[in-house]
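Residues in the sequence shown are numbered consecutively from 1, following this note's numbering.
Honestly, the hints are just simulated from the structure, not real lab data. We put the beta carbon where it would ideally sit given N, CA and C, even for glycine. Just so you know, not all the hints are guaranteed correct.
[Unchecked claim] Computed list of lysine-lysine pairs in DSS-like fashion (alpha-carbon distance at most 27 Å, straight line):
#	residue 1	residue 2
1	Lys190	Lys92
2	Lys86	Lys150
3	Lys150	Lys122
4	Lys150	Lys92
5	Lys214	Lys190
6	Lys190	Lys226
7	Lys92	Lys122
8	Lys58	Lys214
9	Lys226	Lys214
10	Lys86	Lys58
11	Lys92	Lys58
12	Lys150	Lys36
13	Lys58	Lys190
14	Lys122	Lys58
15	Lys58	Lys226
16	Lys122	Lys36
17	Lys86	Lys122
[To be verified] Label-pair ranges, simulated between beta-carbon atoms:
#	residue 1	residue 2	range
18	Gly42	Lys86	21 to 29 Å
19	Gly110	Ala23	39 to 47 Å
20	Lys214	Asn69	24 to 32 Å
21	Thr123	Ile208	35 to 43 Å
22	Arg141	Gly80	20 to 28 Å
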Amino acid sequence: MTDIGYDQHQDGFLHEATGDIAACETGFELFRVIRKIASAMGFHSFIVMRLPTTGAMKLNESILLSNWNPELLRAYDQLGLLNGSKIIRQLKESVVPFTYNLAHVNENRGDGNDQVAVELFKTFDHMEGAYVPTNDRSGNRGAIGFAGSKDAIEGADLGMLSLLSTHIYDRLLNLSEQREPKVQLTSREKECLVWTAAGKTGSETATILGISEKTVNHHLGSAAAKLDTVNRAHTVAVALRMGLLED
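Assemble the whole structure, with the sequences as input and the hints as a guide.
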């Protein structure tokens, strides 16, 4: 694997990219490969996520990997744009990959934030993009999105992006499982992860369990260390995939 960019029009692009995905041994290595794929397809930004649960308020809590500008993500959550997102709605209602245009996808959001959302994403040059619904072996839903300023990609390119996204999502959730096939979580770690999976914040989980938020953070951090995951959303996704949260 090298840092040399891909050329999607070159023979062997798909074979090389899927091979690089399979060769990734860490989340950081996969991050670099996704970034190269996005660039080859004409995009500058990507996001890999679990689908937010009903009632979830922050997109950040569902992200597994992303190179979105931190200011964009912070503003998105502060403005409460998740619940009115037509992209999230479509991802929950369909398993078909789709492209989007910034202005069109923010028409009639239903939360009164049509123009607010357009101006925010326009600032960070998320003018056009594509999303690919994904899922793991247990049926838990996720998605990978790509954004940039290019025109909407054609059908063949969307099919290629869909195939690559399937490989990416599977590899990301596989990394920790391969390293720690016999991970044992404590009962408290499981409880904290279950409530996190339900969309609860650290503070809300602390109240529900009758413990301090600091203790919740400790248990979630311990679970992440055991599963070698990069954030809470990633920890939940891997734990669900491995069946560690089942009774």
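* Asked: What are the numbers of the hints the structure violates, in ascending order?
  -> No hint contradicted; all consistent.
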